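A.B. asks: Sequence:
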Amino acid sequence: MTKVPEAWTSAILDAETVLGLELEGFKLIEASAGTGKTHTIADLYLRHILDGRQPSEILIVTYTNAATEELRGRIRQRLYEALDLLQHCGSCEDELLALLLQQSQDLDDDSRTAQIDRLQLAIRSMDEASISTIHSFCQRSLQQHALSGNQFFDSDMLTDDSSIWASAIKDWWRKCTYELDQDGWQLIHDNVPDLDGLIATLLELRNKPSARIIPEVRVSLAEMMEQPRKIAGSLHRLAPLWLKHRKEIIEIVSNTTVLSRAAKLPYHPQNLPLLLESADKFFNAPEAGSLFRNFEYLGTELIRQNSKPSKRGQDPELEHEFFKQINPVANAWLEFNREFSPQIRADALHTASLQVIEAKRELTALAYQDQLNLLLDALESSAGKALAESLRQQYPVALIDEFQDTDSIQYRIFSHIYLSAGNASLTLIGDPKQAIYSFRGGDIFTYMQARQLAQVDLYSLQTNWRSQPDLVHATNTLFSHRPDSFIYQDSIPFSRVESIAQNAMHELRLGARGASAMTLWQLPTNENQQNYSRQAMRDLINQAVASEISRLLEAAGRHSATIDGRPVQSGDIAILVRQASEGQALGRVLNRRGIRSVTIGRDSVYQSDEASGLYNLLLAISQYQDQSLARRSLTSSLLNLDYRQIAAIVDNDSAWQNWLEDLGELQQLWDRHGFIAMFQSLLHQFEITRSLAQRDNPERRITNLLHLAELLQQQSTITAGLTPMLSWFHDQFEENSSEDAELRLEDDEALVKIVTIHKSKGLQYPIVFVPFLWSCKQVDRSRAVYFHDSELAPCIDLGSAGLDANWLIAEKERLAEDMRLLYVALTRARSKVYLAWGLAGDPGKPGYAKQTALAYLLHSRQASVDLESAAADGFPSDMNFARDLQKLVDRSAETIELLPLPVETAPPGPGAEIAQQAPAQLAKFSRTKLNQWRVNSFTGLTRGIHQPGSAGSLASQGDAVLDFAAGSHIGLLLHSLLENLDFQQDTGQQCQQLLPRFLPRSGLPAEHEPTLVTWLENIKLTPLDEAGMTLSDLADQQRLNELSFD
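Numbering-wise, my numbering comes out as the position in the sequence shown, counting from 1, plus 284.
Just so you know, these hints were derived from the structure itself, not from any lab.
No experiment lies behind these values; they were computed from the predicted model shown.
Heads up, a few of these hints could be off.
To be verified - Below 25 Å or equal to it, Euclidean Cα-Cα: the simulated DMTMM-like pairs (lysine to aspartate or glutamate) are: (1) Lys548 x Asp631; (2) Lys1129 x Asp1174; (3) Lys454 x Glu507; (4) Lys528 x Glu603; (5) Lys595 x Glu605; (6) Lys1061 x Asp480; (7) Lys1134 x Asp768; (8) Lys1045 x Glu866; (9) Lys1045 x Asp631; (10) Lys608 x Glu580; (11) Lys548 x Glu535; (12) Lys644 x Asp631; (13) Lys514 x Glu585; (14) Lys514 x Asp564; (15) Lys548 x Asp564; (16) Lys1045 x Glu353; (17) Lys531 x Glu605; (18) Lys1134 x Glu1075; (19) Lys514 x Asp467.
Build out the structure end to end from the sequences listed, making use of the hints.
C.D. replies: See below:
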C-alpha cells in the first residue's frame, strides 16, 4: 500500500494575514477552486514591492504563456490600485487595500512617500518583471550561466521532439531486426507485434524522465536473444530419453483421461498431433534447432496445471521421467518469456533516449524537458552551489504558481536554489484537489512530499469568490459525503469553503423561484430493468442535455430563465466532457436541435479534415506535372466536389488541362512570391471558402484552414523549399502536440461551449453540464503501468513479476486523479451544475460505473483499508442508488435535487432561435507576419453557402432555367460568367471560351449549356430603366465588378 505523508495543519490566509506575513522562508498556499489564487499572488507581489523588492527580483513561475500574461496584467492592475489609494487616501471596499491604507496612515511622511515611490517604480518596471513559464525560466538560466549549464548558448528550441523520438525508436527497431534469423524475428514480433504501439508507449514515457523502470535491464538485448538457443540446447539433450520412450510418451499424452482437452490447449485432439510431430522432428535432429511450439506443455508443471481439477494427480503415468526432465527447461522458457517483453521495451527506451540526446546535440536543439534536466544537472554538479547562489541573488523571491502540477525535477530545481538558504523567499501556490495533468508529467506525489517538510508554513484560502452560495454549499456537501474524498486524506484533505452573500445574484432563476444549485440526474434502466449499453446511454444523455438547454433558452426567450437579472444565453452554458468524441457527438445533437455550439479541447489542427485536404492540394501544386497527384487533389475536402463534378473535370480534356495549368500557376506563385501569396490565390481561385461554407460547421472549418495557413507561413520562414516544407507538414499529422497546434476558437460568445474537463481548468461558466463521468478509463496493464512506490518515488512497470500488485496501486492513483477531475468539473460553475450518474454498460468490462470516482464518493460504505483492490474490483456490489443519493440530497439543505434523466426529446423552441441570432465570427489573428492577408469579411468567406430550396416547385411554369439543380453553385457560376463577359461582344462565342473553365466546378451538366447561353443573353438584353438601357449598352470602362477582396 502506498505510504502517505503525515497531516499538517494550515492557517487561513486572509487580507490581514497577507499584510502581516513574514516574507522570508518556505510557504505553501493551498487555494481551492474559486478562492482567488491569482488575486492572492498579486497581493503577495504587492507586499514584496512595498518591502523594497524590484520586479526583476521577484520570480513568478507558471505553466502557460497565457497564464503569464494574465498574471502580469493582474499584478500591474493591483499595483495601480494600491498607488491610487495611497496617493489620494480615498475610501476602499477592498479589505486588503483598506488595511494597507490604514497602515500607511500610521507611517511618517518619508515612509509613506517611499511606499508611493516603490509602487511608481514597480509599475514603470513591469516590462522587466520576471514572470515566465518554467521552461522559459530554465532556458534563461541556462543562457545566462552557459558554463554552469554546460550547454550551447544558441540552442534552437523544439516545441515538440516527438519526431526525433519516433525516428530513434524506428532506428532501434531496424538495428534489432536487420540481421535476425526467422526465429529471432518471430521472437521480436511476438513481443512487439505493433511498432506504432511501441512508439506511442515510449513517447508517453519520455514525459516521466525521473521514473524508475521496472524491471531493470540486466543484460543486453543481444545476450537475451541468445537465451532461446541455449534453452533449445538444454531441451535437445533430452533427445535420448524421447527416442527411448517415444511410443510410451505419445500413448500417455494421447490416452490419459486426466488432461483437459480444451480447444485452446495443445492437448486437444486437433492440436496434439502437431505437438507430438514437432517433438519428433526436434529430437530426431542431429543437433538442436529452433524450439518447437508449446513444448513447455510436456513439463510436469503445466501438465498439472492443465489437468481436470477432479482428476488432478490421479494418473501416475503423468509422472514419467521425461515429463520431469523437461520441466526445468520448460520453466526456463516460461521465465524467459515473462522477462523478454518488458526487457525489450526497456532496451528500446534506453537505447532511443541515448540516440535522442545525440541527435539533439548534432542539431544543437533542446526540447522543453531538456531544459529542466540540464538546469537540474548543473545544480547537482560540483559547481551547483555557486549556481544556486547566483540564481538566488538574481531572484531572492520566488512564487511558483500551479504547484500541484509540478514534478520531481522542477521541485528539486527550486529546492536546490531556495531551501538551502535561510534568507530566501519561496512560496508554492496551488490546489492538490486540481492536480489533473499526470498525462503530461504532473506528479501529485511531489506535492505531497513538499507538504510534509517540517520547515514549510502551510496556508489556505477559504472563501469562494466564484460561485453562488447554494452551489458552494452543494459542492461542500458532495465532497464531504465521505471523510476521505480525495483518497490520500492526510495530504489532500477536503475543507469546506465559505461563500460570499453578494454572489447570490448569480443564482439561476426560473420564473419567480430559484433553481436548485445542483441537479443530479439518475440514469434509467431499459424496459427489462437492465443497464443500457454505454453507447445507448450516451445517446439518451445527449438528447437529455439538448432538451434541457432548449428548455432553458426557450424560457429565457420569455424572460423566465435569468441570471443576474438578464435572460440566460447560449454563451452562458458549458458542457464538460472527458473525451473529444463525447463532445463531437453531443455537438451534432445540439446542431440538429438548432442550438449552435463550439467545441474547445486540446485536439490538434493537424488532425482536422482541413489539414489533410490542404496537404493534398499543396502536394499537387508542388508537383503539378504529376497527374496522379493532380487527380487526387480533386478529392480534397477543401474543394467539396462530388464524384460527378470530379469526373466532369477528369474526363474533359479541356477542363483537365485547365486544372493542371491552375496548379502550375500556383506553383510558380509559391516559388516566386512565397506561401502566403499562393494561399491567397488558392482561396480565391478555387472558391475554397464557398466550398467549406456548404458543409456542416463552416465557422470551425474556415478557422482551421486559416490557422493552418498561419502555421505554414511561420514554418516557411524556417524551412527553405517546397519539398522540405511539405515533408514537415506531413510529419505534423502524427507527431505535433504543441500548444500552437491546438484548435483555435471561433468567436464563441453566443455559442454553447463543449469543453474537455482538462481544458476547462481555470475557467468559469454560469451553467455547467457534467454528463459523462459515470464511466472511466482504467489503467492499461498491457502497456506500461505508471505508479508510485512506498517511498512515493515514480516507477514504470513494463511487465515485471510484480505487475499485478503494481497495477492495483496504479488503479488507486487513477481513481484519485479521477476524483480530482470530478472536482475540477463541478467547480467551474457560477450558478448551476447538472451531473448525471448511474449504471450503464457491461459490469464485466473495464471502466464500468463502479470503478468511477462518483461511485467511490456517492456510495461511501467502502472502507479505505483495502482501497487498492477495491479500486480495481469496483465499489460495493450492493449499492442502493436511491437510498445513497437521497441521503446526499437530505444533507444538502435543498441545494441538490435528484431527478430522473429526462429522456423525452423536444423540438427546437424559440430559445434555439435566440441561440442562432448572433453568427459566429472567425478567430481574430494577432500575428504580424501575415501582413499579406487580403481584407475580407465573414459574409465574403461564406458566400455561396447552400440554401435549401422552397417546397413549392416553380419548374412547372415552363422556364428551362428552372430545371437547373437547386443550390448556390448555379448562382456562383452565373456570377463568374457575368464578371468575365464583355456585354458588347457575342455571348455565345465568349461562352465557348469561359464555360470549360467554370462549368465543371458548378456541377451543371453539359447539355444545359445552350440554356445557360440563352439565359445570359436575356440578362444582357433586359431593360434596366424606363429608358430601356441594358447591360449590352455598357462598355467595360463603364462597369464596376464586385469589389475583390484581394
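A.B. asks: Compare the structure with each hint and give your call.
C.D. replies: Here is how each hint holds up against the structure:
A threshold of 25 Å between alpha carbons decides the hint, and for lysine 548 with aspartate 631 the separation of about 32 Å lies outside it, so the pair is violated. The hinted pair formed by lysine 1129 and aspartate 1174 fails the criterion: a straight-line CA distance of about 33 Å is larger than 25 Å. Annotation: proposed proximity of lysine 454 to glutamate 507 holds, straight-line Cα distance about 21 Å (limit 25 Å). The straight-line distance between the Cα atoms of lysine 528 and glutamate 603 is roughly 16 Å, inside the 25 Å bound, and the hint therefore holds.
The suggested pairing of lysine 595 with glutamate 605 holds, with an alpha-carbon distance near 20 Å, which does not exceed 25 Å. Restraint check: the Cα-Cα separation between lysine 1061 and aspartate 480 comes to about 21 Å, which is no more than 25 Å; the hinted pair holds. The straight-line distance between the Cα atoms of lysine 1134 and aspartate 768 is roughly 17 Å, inside the 25 Å bound, and the hint therefore holds. Pair hint lysine 1045 plus glutamate 866 holds up; C-alpha atoms about 18 Å apart against a cutoff of 25 Å.
Restraint check: the Cα-Cα separation between lysine 1045 and aspartate 631 comes to about 37 Å, which exceeds 25 Å; the hinted pair is violated. Between lysine 608 and glutamate 580, the direct Cα distance comes to roughly 11 Å. Compliance with the 25 Å bound is thereby established for this hinted pair. About 21 Å separates the Cα atoms of lysine 548 and glutamate 535, which keeps this hinted pair within 25 Å; it holds. The straight-line distance between the Cα atoms of lysine 644 and aspartate 631 is roughly 20 Å, inside the 25 Å bound, and the hint therefore holds.
Restraint check for lysine 514 and glutamate 585: satisfied, since their Cα atoms lie roughly 21 Å apart, inside the 25 Å limit. For the suggested pair lysine 514 and aspartate 564, the alpha carbons sit about 19 Å apart, so the restraint of at most 25 Å is met. Of the pairs offered as hints, the one joining lysine 548 and aspartate 564 holds, with about 22 Å between alpha carbons and a cut-off of 25 Å not exceeded. In summary, the hint linking lysine 1045 to glutamate 353 is supported, as the alpha carbons are separated by about 17 Å, within the 25 Å threshold.
Proximity of lysine 531 to glutamate 605 is assessed by CA-CA distance (about 14 Å); at most 25 Å being required, the pair is judged to hold. At most 25 Å may separate the alpha-carbon atoms for a hinted pair to count; lysine 1134 and glutamate 1075 exceed this at roughly 29 Å. For the suggested pair lysine 514 and aspartate 467, the alpha carbons sit about 13 Å apart, so the restraint of at most 25 Å is met.
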